[in-house]
Amino acid sequence: MRRPGLDWRNPGLPSENTLAAFDYAIANGCDGFEFDVRYARDRRAVLCHDPTFNRRNIEATDYGGLERSGHKLACLEDVLARFAATAYLDIELKVAGNEESVVAALRANPPQRGYVVSSFLPEVLLQLHELEPALPLGYICEHPKDAARWTDLPITASLPNWRLVSQQLVDEVHSQGVKLITWTVNDAGGLLRLASWGVDGLISDSPSLLSKTFPDAPARPSGGQRFRTESEKRTAKEWLLGFCRSVPRHLDCS
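In our numbering, the protein residues as written are 1 to 254.
There's no promise every hint is true.
As the list claims (entries may be wrong) - Calculated pairs, SDA-like style, for lysine to any residue (alpha carbon to alpha carbon, straight line, at most 20 Å):
| id | residue 1 | residue 2 |
| --- | --- | --- |
| 1 | K145 | Q168 |
| 2 | K72 | A60 |
| 3 | K72 | P14 |
| 4 | K94 | A104 |
| 5 | K212 | A27 |
| 6 | K94 | R149 |
| 7 | K212 | I26 |
These are calculated hints, taken from the structure and not from any lab test.
Since this is a predicted model, take the numbers as computed values, not measurements.
Could you build the full structure based on these sequences and the hints that come with them?
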């Protein structure tokens, strides 16, 4: 039998998209974490990568019914209440249709250490921008055919898969005043190469890998400012944002 909150394939590690997983990431040296948001039938913004949880369709189930062994899915408000003052948050919206609740939650408890609301879906980003023009938005892409769409969107960060990133792309994105955060980098050589190109953030499945690869990274400036400006000269380690999906990618959320 599964123990709630633990990944059955990796005993002792918390499941992804849980508060325990986020605690694990922060405790192991990450600046913040990425998590996935979907909407329950009663419009609550809940955390889950997949469209189903415990064999229930999330969008067809009220929040109160999204539990396993007495443990409910976390919701966006839970994350903000616990981590808004201590972590950089990458809030990935998996679906469209209830952007108003996300904006309302962020207005009520805005993250103090930096954040981005990201999505693969351009229509989600456009709707968010219409609701709140000042909201920091990020476009996620995985395939070459989608890589150039960031230029047409009201974003502050581009989040391409690491396979799409080159020195030329980093320079192009920065020339437009946009930050570049890349995912999911799970080897030290890749982390160091991308950092040397000047990416602004690295997403990995392994908090320990990030901290071991960048053991001497200096403290970030105060006031929640995470990213360099174009006029700042720095080494690859300085002001580099390192954060995780939370725990290994294959951890269970179904």
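Do the hints match the structure? See the list:
The suggested pairing of K145 with Q168 holds, with an alpha-carbon distance near 17 Å, which does not exceed 20 Å. This hinted pair checks out: K72 and A60 have alpha carbons roughly 16 Å apart, not beyond 20 Å. In summary, the hint linking K72 to P14 is supported, as the alpha carbons are separated by about 14 Å, within the 20 Å threshold. With a C-alpha separation of about 18 Å, the suggested pairing of K94 with A104 holds against the 20 Å cut-off.
Only pairs whose Cα atoms come within 20 Å are accepted, and K212 paired with A27 is accepted, the gap being roughly 14 Å. Note on K94 and R149: the hinted pairing holds, with a Cα-Cα distance of about 18 Å set against a maximum of 20 Å. For the suggested pair K212 and I26, the alpha carbons sit about 14 Å apart, so the restraint of at most 20 Å is met.
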